[in-house]
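Peer 1: Modelling step: build the complete structure from the supplied sequences, incorporating the hints.
Take a look at the letters that make up each chain.
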Amino acid sequence: MEPAQLVVSVSDCIALVNQTLDAAYPALYVEGEVASFKVNHSNYVFFDLKDGESTINCFMTVYQMRMPLEDGMRVRVLAVPRLTKWGKFSLTVKHVAPVGEGTLKRAYELLKKKLAAEGLFAQERKRPLPHWPEAIGVISSTQAAGYADFCKVTATRWPLAQLQTAHVRVQGVGAANDIIKALEHFNAQATPPEVLALVRGGGSLDDLAIFNDEHVVRAIAASRVPVIVGVGHETDETLATLAADVGASTPSNAAELVTPDVHEVLRRLELTHQRLAEGLHNALKAQLQFVVHQRTNLTERLQAQLVQLASQLTSYRQLIGQLHPNAALRRGYSLVRHNGQLLRGGQDVQCGDELHIETNQAIINSEVTHVRPKTNQLV
Amino acid sequence: MSDQKLTNLSKQSFRDVMRQFESAVAAFDEADLDVEAAIQAYERANTLLAELEKRLKNAQAKVKTITAQQ
Numbered sequence: 001m002e003p004a005q006l007v008v009s010v011s012d013c014i015a016l017v018n019q020t021l022d023a024a025y026p027a028l029y030v031e032g033e034v035a036s037f038k039v040n041h042s043n044y045v046f047f048d049l050k051d052g053e054s055t056i057n058c059f060m061t062v063y064q065m066r067m068p069l070e071d072g073m074r075v076r077v078l079a080v081p082r083l084t085k086w087g088k089f090s091l092t093v094k095h096v097a098p099v100g101e102g103t104l105k106r107a108y109e110l111l112k113k114k115l116a117a118e119g120l121f122a123q124e125r126k127r128p129l130p131h132w133p134e135a136i137g138v139i140s141s142t143q144a145a146g147y148a149d150f151c152k153v154t155a156t157r158w159p160l161a162q163l164q165t166a167h168v169r170v171q172g173v174g175a176a177n178d179i180i181k182a183l184e185h186f187n188a189q190a191t192p193p194e195v196l197a198l199v200r201g202g203g204s205l206d207d208l209a210i211f212n213d214e215h216v217v218r219a220i221a222a223s224r225v226p227v228i229v230g231v232g233h234e235t236d237e238t239l240a241t242l243a244a245d246v247g248a249s250t251p252s253n254a255a256e257l258v259t260p261d262v263h264e265v266l267r268r269l270e271l272t273h274q275r276l277a278e279g280l281h282n283a284l285k286a287q288l289q290f291v292v293h294q295r296t297n298l299t300e301r302l303q304a305q306l307v308q309l310a311s312q313l314t315s316y317r318q319l320i321g322q323l324h325p326n327a328a329l330r331r332g333y334s335l336v337r338h339n340g341q342l343l344r345g346g347q348d349v350q351c352g353d354e355l356h357i358e359t360n361q362a363i364i365n366s367e368v369t370h371v372r373p374k375t376n377q378l379v
Numbered sequence: 380m381s382d383q384k385l386t387n388l389s390k391q392s393f394r395d396v397m398r399q400f401e402s403a404v405a406a407f408d409e410a411d412l413d414v415e416a417a418i419q420a421y422e423r424a425n426t427l428l429a430e431l432e433k434r435l436k437n438a439q440a441k442v443k444t445i446t447a448q449q
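Which chain is which? The protein sequence lines are A and B, in order.
The numbering of the first sequence is my numbering, which starts it at 1 and goes up by one.
The numbering of the second sequence is my numbering, which starts it at 380 and goes up by one.
Calculated directly from the structure, the hints in this document are not laboratory data.
Just the calculated beta-carbon pair ranges, DEER-fashion:
| hint | chain 1 | residue 1 | chain 2 | residue 2 | range |
| --- | --- | --- | --- | --- | --- |
| 1 | A | E124 | B | N437 | 35 to 45 Å |
| 2 | A | A304 | B | Q391 | 56 to 66 Å |
| 3 | B | Q448 | A | A122 | 40 to 50 Å |
| 4 | B | K436 | A | H233 | 30 to 40 Å |
| 5 | A | Q303 | B | K436 | 54 to 64 Å |
| 6 | B | D408 | A | Y63 | 54 to 64 Å |
| 7 | A | Q305 | B | K433 | 56 to 66 Å |
Over 10 Å on every C-beta distance to chain B, these chain A residues come out as not near it, computed from the model:
| hint | residue |
| --- | --- |
| 8 | I14 |
| 9 | T20 |
| 10 | D51 |
| 11 | K85 |
| 12 | G100 |
| 13 | L111 |
| 14 | H215 |
| 15 | H233 |
| 16 | Q341 |
| 17 | G346 |
| 18 | I364 |
Virtual Cβ for every residue (Gly too), placed ideally from N, Cα, C.
Peer 2: If you want it as structure tokens, here you go:
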């Protein structure tokens with residue numbers, strides 16, 4: 001039967017055409033300008049891709065849209081051409097990438113604004129890097145100069161750190177997914193590295209586009225391990241750098257930020273050692289001075305007490321001297337004894353008794369001739 | 380911190396040893412340490428410092444080798 005005589009249903013016709021398209025063009029790169037962009041039900045994206053003469057309808061899901069789109073942008077899509085069941089020709093888009101500096105910049109600005117509004121770049125989210133890292137996860141292409149620079153600087157600054165490397169593509173189709181998988185891999189480890197370093201060397205806006213990929217930026221922000229991003233040259237600021245805990249200007253700068261300098265750490269330890277030794281020496285010296293001072297103080301106090309005691313002794317001696325009976329004799333008093341005993345009252349004395357009177361200079365023997373009581377007596 | 384922890388220093392991470400050293404220095408710097416306590420804190424800090432210096436000097440030697448090879 002000749003093809004012209006082949007009779008099929010509408011559905012079969014569409015199916016036949018799609019089979020032919022699948023076989024001839026399983027996927028196509030198509031470049032054009034975006035028009036009539038819209039998102040339905042927050043999930044489905046529809047837009048037209050056009051050039052000067054023609055227009056094709058495009059369809060994709062929001063998840064596949066790795067960059068913001070708006071009318072006027074020039075993009076390249078990887079898509080599968082199909083006829084819909086309504087007979088409409090369209091491209092089912094698998095991947096879309098900006099084309100040209102203008103589009104790249106515009107996409108960057110739109111995404112930056114969107115993610116900033118969500119707080120992904122907020123300073124409060126930034127975590128400090130560990131001081132003396134012992135395990136660093138490196139996400140980079142092992143064939144890239146940026147990776148070599150990072151490893152060299154890390155090794156010469158802080159050889160105590162072990163590097164765990166996840167080799168990824170750092171540009172082109174598939175690179176974004178590589179990076180996301182590497183981040184997920186390190187984060188899933190039971191003992192992940194203490195910091196992750198995402199590094200690559202310089203390149204054009206197009207080369208660095210994956211570091212402005214929305215999913216890559218979100219994966220960096222979601223990492224439970226602190227992330228440092230060192231991509232490109234000094235003037236390149238990617239959204240990945242903004243979302244990271246620390247942004248470095250280059251891979252070498254990232255290595256400097258993530259590692260201490262072993263010589264500097266040793267020098268500071270030596271200074272601390274000197275300070276401790278001086279501190280101990282000063283503390284002992286202060287204690288010794290305190291003890292010496294206490295000893296001097298004690299000696300002085302003892303001496304003062306001795307002087308005081310000597311003075312008291314002298315006073316007591318003087319007092320005792322004054323109380324001695326000889327002092328009374330020197331003042332003109334006499335001691336009278338009757339039968340060998342000192343005579344105090346005189347009631348027992350009778351006429352004819354012998355009395356011995358002791359003065360300061362003599363002892364007088366006398367006889368009692370008369371005794372009469374005294375009217376004003378001393379108690 | 381027990382003496383047992385001081386004897387297992389070689390098995391501990393650099394960060395753990397450094398943190399213990401910083402704590403020992405802080406204890407030494409605190410006021411009202413008597414002479415015995417000051418000497419003990421100093422001895423402890425010295426032991427930790429020796430371990431840190433050993434590791435760092437090994438690292439310095441590695442750096443020298445790497446630099447010489449470049």
